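Novice: Take the sequences, apply the hints, and build the full model.
Protein chains in written order, with the numbering used here: chain X, 1018 to 1433; chain H, 1018 to 1433; chain S, 1079 to 1233; chain R, 1079 to 1233.
FYI, nobody ran anything at the bench for these hints, they're computed from the structure.
In this text the structure is predicted, and so the values were computed from the model without any measurement.
For every residue, glycine included, the Cβ atom is placed at its ideal position computed from N, Cα and C.
Errors might be hidden in some of the hints.
Label pairs and their computed distance ranges (CB to CB) [to be verified]:
{"id": "1", "chain 1": "X", "residue 1": "Thr1172", "chain 2": "R", "residue 2": "Leu1104", "range": "43 to 51 Å"}
{"id": "2", "chain 1": "X", "residue 1": "Pro1027", "chain 2": "H", "residue 2": "Asp1339", "range": "46 to 54 Å"}
{"id": "3", "chain 1": "R", "residue 1": "Gln1228", "chain 2": "H", "residue 2": "Arg1132", "range": "28 to 36 Å"}
{"id": "4", "chain 1": "X", "residue 1": "Cys1052", "chain 2": "H", "residue 2": "Asp1241", "range": "47 to 55 Å"}
{"id": "5", "chain 1": "S", "residue 1": "Ala1175", "chain 2": "X", "residue 2": "Cys1052", "range": "55 to 63 Å"}
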Amino acid sequence: MFSRLRNDFPILDTRVGESPLSYLDSGATSQKPQCVIDTFTEYYSQRNAAVHRGAHTLAVMATDAFEAGREGVANLVGGTPEQVVWTKNATEALNIVALGIDRASHGFGGEAAKRFGLGPEDSIVVTEMEHHANLVPWQQLAESTGAQLRWIPVTDTGELDLSDLESIVDETTKVFAFTHVSNVLGTINPVQRLVGRARAVDSLVVLDACQSVPHMPVSFVDLDVDFAAFSAHKALGPTGLGSLWGKSDLLNSLPPVLTGGSMITTVTMEESRFMDAPQRFEAGTQPVAEVAAFTTAVNYLAEVGLDKIFDHERQLAAVLLDGIANIPGVTVLGAAEERIGTVAFDVAGVHAHDVGQYLDSQGVAVRVGHHCAQPLHRRFGVTATTRASTYLYNNTEDCEQLLTALAEVRSFFGAE
Amino acid sequence: MFSRLRNDFPILDTRVGESPLSYLDSGATSQKPQCVIDTFTEYYSQRNAAVHRGAHTLAVMATDAFEAGREGVANLVGGTPEQVVWTKNATEALNIVALGIDRASHGFGGEAAKRFGLGPEDSIVVTEMEHHANLVPWQQLAESTGAQLRWIPVTDTGELDLSDLESIVDETTKVFAFTHVSNVLGTINPVQRLVGRARAVDSLVVLDACQSVPHMPVSFVDLDVDFAAFSAHKALGPTGLGSLWGKSDLLNSLPPVLTGGSMITTVTMEESRFMDAPQRFEAGTQPVAEVAAFTTAVNYLAEVGLDKIFDHERQLAAVLLDGIANIPGVTVLGAAEERIGTVAFDVAGVHAHDVGQYLDSQGVAVRVGHHCAQPLHRRFGVTATTRASTYLYNNTEDCEQLLTALAEVRSFFGAE
Amino acid sequence: MSTQMQQLYQQVILDHSRSRIGNADLLGDAATGAHGSSHQINPTCGDEIELETELAGDGGLTVRWSGDGCSISMASASVLSELAGDTTVADMFVIEAKFHELMHSRGTLEGEEEILGDAAAFSGVSKFPARIKCALLSWVAFKDALNQAQTSLEE
Amino acid sequence: MSTQMQQLYQQVILDHSRSRIGNADLLGDAATGAHGSSHQINPTCGDEIELETELAGDGGLTVRWSGDGCSISMASASVLSELAGDTTVADMFVIEAKFHELMHSRGTLEGEEEILGDAAAFSGVSKFPARIKCALLSWVAFKDALNQAQTSLEE
Ligand SMILES: Cc1ncc(COP(=O)(O)O)c(C=O)c1O
Ligand SMILES: Cc1ncc(COP(=O)(O)O)c(C=O)c1O
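Specialist: So this is what it looks like as C-alpha cells:
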C-alpha cells in the first residue's frame, strides 16, 4: 500500500541534478497528493465564492465545502465541527489563545472571559523543547500580564525531565502549553501525565499538535486538552491553513483577537458584539479553497489510516537511526523510545548548512538550522542541526539515499 | 480584449439551472483565470517546500516564488518588496496595524514604538462607510487605550461629508483610517484631501484599499498613505491571502502581533528579538502557494492594464445604473460621480434576501445583506440591500441579465 | 421559474409573509404572569426578531413578535404564532422538534401537514441551506422565550 | 558530485574555513583608538559573527572576529580579514562593493581576482540564493564596524 501511494504525489518524481529526489523534510511541510492539488482546480473552476454571506448558488456550494471541512477535522481529531476554528497556520492558532488570554487579562470579553485573566501572581508553563510558535507568544503574554514564565527542562535523551513537574506546574499555574511531539527530536511526550498534573492544579492545557496530528492517531477529546493547534500544510493539506481546536465553552468565552467582518452579530459606530465560535475567530474572508483541499487531504489520511502511517514511519525511523549509528562522527540528538520519524543530528566538524548542501547535491532534501527551536539546540550545545523527517510517502530507499550521502559528508569537507 | 479574456475564467461557463451564470459578486470575491489556477498545480507538483529555512533545491525554488510575489505587488501598488507584508486577508492586515498600536500603547516595542502610543487624550478617526474590517479593530483599540473614536458622516449621495473634516480630524487625531472605495456604494473617496488633513495634524493614515487595488491604478506611494491593506482574493488571486503595505520605518518600529517562528532573530527561554519587516509580521509557515498564484494574478492584471479595467467597469456601472433607474420600486444607494462598478439597491416591499434568491434562480449571483457595513446601512435606513459588483470579466449581457430578472422581482413577490 | 423556487416560495409562505399573524406591539416590561421574551438576529443578513410568549394557566399560550427580515423569516414567525394560538405547550414542543428536523432534511422529508399545519409549506426551504436560518430564526426565539416562561411558572 | 557543488566549495573556501585568518580573541571594551565592532546573526540558521575593526593613522586597518557558522560564512570572514590586512580602507570599500555585486549576480559574473583576491572564489555561491547571506554575514559586520571606527576617528 505505501509503495503504491507514493505515485499519488507528483512532486516525488522530481530529479535533483542527476539524483532522484529523496524528500525528507516533511516536518517542515508535507507534499500533496494529486487529489488535493486537483481540489484547487475543481474548487476554483466550479464553486468559488465568498462563504456565509450569500444566497446565490456558488456561495452555497462554497459554504458547504467550507463547513464540510470542519466535519472532516472533527472526525480526525475528535469533537464537533463547532470546535474547529480555521486559522492561517498553527502559529496563528496558538496566538489566538495567548493573545485572547492577554485581552481577557486586560478587561476584554466581560464576565465570561474573567476565567482567563492572568496577573503577576500566576504562572505559565512551557517546555524547553517547544517550537518558537509555542514559546514566543507565551513570553509575550508573560510580559504583558506580569505572569511568570516557567519551563520543564529536557533530559540528555531528549525527553521531558518530569522530576520537578509538581513544583514547576503548581497552584499558580494557569496555562500549561506543550508540544505533543518534538519537531526536532521526534519525541512523543506523555500527554496524559502532563494533562493530569494540569487538572490537579486547575490549569488550562494548550497542546501543540503540529507534529502529532499528521503522523499518528490523535483524539483531543481523549487527551482531554483544552486547546490544540495544528497546521494543514504538514498533513498533506495546502499552505495558508491551520486550525485551532478548543472546548466549546472556552472558545465561546475567549475574547477574539482579529476582529472585522463575518465574526460579529451587531455593529454600530460605537461598539460591536461577537458571534460564538468558530466564526468568532474567523474575521474576514477565509481560506475557503484551502479548506476544500484540506478536506480532501483528511479523507486521504483517513483512508490510509493514521495507525498504519505511524507504523510505517516507525520502520523508517529505525532504518535512519540504525544507519546513522554506523556513520562515524554523526550524533543523533535525543534517544527517546516513543518517537516519530523525525531525526536531527550533528556532524562533527561540519556545519549543518554544509551538510544540507551536500545532501541536496545528492538529491536528499533535509532541513538545516535551529528548526525554530533555538533553546532546545542550546540545551544540546549546538546552534544548528540537520534534520531528516519522514512521512507516509517515504520509503526505505529514501532513507538509504540519505545514509549513503551522509557517510560521504565528512570526507568531502575534510573533517575526518 | 475584454470579450476575449472572459474565456480565461472557467467558472464563468457554469450554468445555474437553466440560465447562464451572471457573476456580479466580485466585490465579495473575484473569480480566477486559468493561469492562476494552474499555478497551484505547478507549484505543488514542482516546487513546494517551506521557505526561508532550507538549503535544499525545492526550498530555494519555493523561497524564490514567495519573494518574487513581493516584487509583483510592489510593481502594482508602489514601494519596494520589503514594504509588502503577506497576511491571510485584508482584515488581518488592518488588525496588524490596530493591534500593533495597541501593543505599542501598552509598552511593547521599546523606544522605537513610542511614536505609536495612544492614550485617552488622543482620537482615532474612521468614516461611516467603513467595512467592519476597518471599524471594529479601531473600536477595540479605542476601548483598549481610552482614545476617542470619531467618524466622518456620509451624505445622502453616498459620499463623505467633509464639512466638519477640520474639527473631526484635529490635533488629537493620531490615526485616520478610511476606505479608498466603499464596498457598498462604490464611491471613490478623495484620498488626497483626507491625507492632506491627516498630514496637517500629524496623524497616521491607514487606507483600506480592498475595493480600489483590484479595480483601478493605485499607488500607495503617490497617495502618501502610511499603511494600506488589500486582499488577493478580490484581485484574481487565491483565497487565504491578503497584504499589508507600509512605510518601512513604520513597519520596522510597529510591534508584531502574531509571534512565533520565522519572525525572530534570537530566542532564549526568557525573551525574543524580532526581525525587521516584512518577516516581522509573518510568523509561522506562510501561504506560499497562494503567493505564487497571486503573482500570476498580478501579472495578469498588469497585462490587461488597470486603467483599462477601470474604464471597462465604468461602462458596466453606467449600464447598471441606467437600467435600474428604469425599474419601478428599485432605489440605488448613493449617487457619487466618482465610482466603480459596485451598485447596492433596495427593492420596495421585497427583502434583499428574497431579491437575491430570485436573481439566483435566473442565474444572477449577487450579494445580499449588510455587506459588512451595518452602520452605513443604518445611515440609509435599511438593514440589508442587494449588491451587484462587476469585474473585468463581466460584460453588458451580465448586466442585462440582472436587469431583466430585477424587473420581475416585485411582481413575483406580489409587491406591486 | 424553477420548481425549486416554487417549492421555496409556496403561496402559503408568501401570504403569511404579507399578513403576519402575531406581529403586534410587544408588552416588554409591562408583561405580567408567566412570560418570556427573546431577541434573535441572523448576523449574515441583519434579520432580527423579538418574540414574547405568555403562558396561560390551562397550558395555552400566546405569541407576539416584532421583526424585520425576509419573507421566509417573517412567514415562519407568522405560522409559528398561528400554531401556538391553536395548541398546547406540550404539542408545540413536538411541532418545534418536527420543524427542526424538516429544516435539516435537505429536501429528503415531506412536511407532515397534520402536525405542522402551514409550517409544512417550508419543506422546500430545506433545499436552500442559506435560508434554513431564516426559517428557524423565530423558532429559536420561541424556544428561548418559552423556556423562560416555563421557568417563571416554576418559581 | 555536480560542478555547481565544486564551484560552491572551491578548495580556497574549504581551506579558509579551516585555517581562519583574523579569527582571534576580541578586544571588546579594552579596545582603544579608532575602532568599531558589530555583531551579526543569520536568523535562518543561527550563524553568528562578532567582528572588530581598528583603524591605524596611515589608513591601514586590522580585522578580528569570532564566530560560529558554516564553511561559507567562516571562510568569508577569513578572506575578508586577509584582504583587510593587505590594503587600505579606501580599497576595502571598493572590494566590499564588488563582492556585494558578485554575490547578487546569480552566477552571471566572474569574480575579478586582481581586485577580490581569494574572495573571487565565492563566485559559485551566487548561484545558491540560500547561501548568499552566509557569504555576506561577515561583510555586513565589517561595514558596520568600519563605519563606527571612522565615526570615532572624526570625533
Ligand atoms: C472595503 C473592504 N474592506 C475590507 C474587507 C475585508 O477583506 P477580507 O475579507 O479579505 O479580509 C473587504 C471585503 O470583504 C472590503 O470590501
Ligand atoms: C511543533 C511545531 N509547532 C508549531 C509549528 C508552527 O506551525 P506553522 O508554521 O504551521 O504555524 C511547527 C511547524 O513549523 C511545529 O513543528
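Novice: Against this structure, judge whether each hint is valid.
Specialist: The hints, checked one at a time:
Between X:Thr1172 and R:Leu1104 the beta carbon distance is about 35 Å. The supplied range of 43 to 51 Å is therefore violated. Distance hint check for X:Pro1027 and H:Asp1339: the Cβ-Cβ separation is about 51 Å, which falls inside the suggested range of 46 to 54 Å. Separation of R:Gln1228 from H:Arg1132 is about 30 Å and conforms to the stated range, judged on CB atoms against 28 to 36 Å. Evaluation of the 47 to 55 Å hint for X:Cys1052 and H:Asp1241 yields a pass: the beta carbon distance comes to about 48 Å.
As the Cβ distance of S:Ala1175 to X:Cys1052 is approximately 39 Å, the hint placing it in 55 to 63 Å is violated.
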